[in-house]
Every structure is written in structure tokens, then in C-alpha cells.
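Reminder that position 94 of the sequence shown reads as 94 in my numbering, one-by-one numbering, no gaps.
The reader is advised that the hints may include incorrect statements.
What the hints assert, rightly or not - Quick list of the computed label-pair ranges, beta carbon to beta carbon:
hint, residue 1, residue 2, range
1, E28, K62, 13 to 23 Å
2, P36, W15, 18 to 28 Å
3, E2, E75, 20 to 30 Å
4, D61, W10, 17 to 27 Å
In short, the hints are calculated from the structure, not lab data.
Idealized CB from N, CA, C, for every residue including glycine.
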Amino acid sequence: MELNIDIEGWPPGDWEALAARAADACAELAPELANPRLSTSLLFTTDEEVHALNREWRDRDKPTNVLSFPMLSREELLDLAPEGPPVMLGDLALAFKT
1 MELNIDIEGW
11 PPGDWEALAA
21 RAADACAELA
31 PELANPRLST
41 SLLFTTDEEV
51 HALNREWRDR
61 DKPTNVLSFP
71 MLSREELLDL
81 APEGPPVMLG
91 DLALAFKT
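Work out the full structure, taking the sequences as your base and the hints as a guide.
Structure follows, in C-alpha cells:
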């Protein structure tokens, strides 16, 4: 799985390596996530930004620690052939303090 990572407002750290290890662990538990066509966007950001996203996309005016925006159903993921163009699995936004 390809990871597209954007880091805003987090302290220095090897967040890319941590995200890659987490993706590998997920693929071990759910082998369909190891499909080479998959791509996921990860946003490491502030409480304020996640609060704004939560308000805009979920109509919840409060911060949260993780927001997920899946773009494939479980069935679509299981039916995805390993060859072909890239496919976006979804977006994740992670808040640092919440």
C-alpha cells in the first residue's frame, strides 16, 4: 500500500516509519490491505484542524483523535485485482493531542 503522508503541527519524529509499520501490521491482519494498487492519505495534524474537519464533514463540533474517510466498501476491497491502476482506499486524519 502506498502511503501519502502530510505532517502539520506535530513534533519532530519518525512519523513516516511509524505509519509504514502500522500499515504493515494491518496488512498482516487483513491480507487484502497488502494489495499493491492501494493508496491511503494520512494527515498528522493539530486538534484544531481535526476539530474543523469533524465539524465540516461529520457535523460534530468537537475534536476527536482520528477521522477516517473510506472510499472503498469491504466488498470492493476484497474484489480488487492486484493489477491495474492505483485505487484510493481512503483518508485518515490524526490529531496529536486528543
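Outcome of the hint check:
1. E28 / K62: 13 to 23 Å: violated, 33 Å
2. P36 / W15: 18 to 28 Å: About 23 Å separates the Cβ atoms of P36 and W15, which means 18 to 28 Å holds.
3. E2 / E75: 20 to 30 Å: holds, 22 Å
4. D61 / W10: 17 to 27 Å: For W10 against D61, whose Cβ atoms are near 23 Å apart, the range 17 to 27 Å holds.
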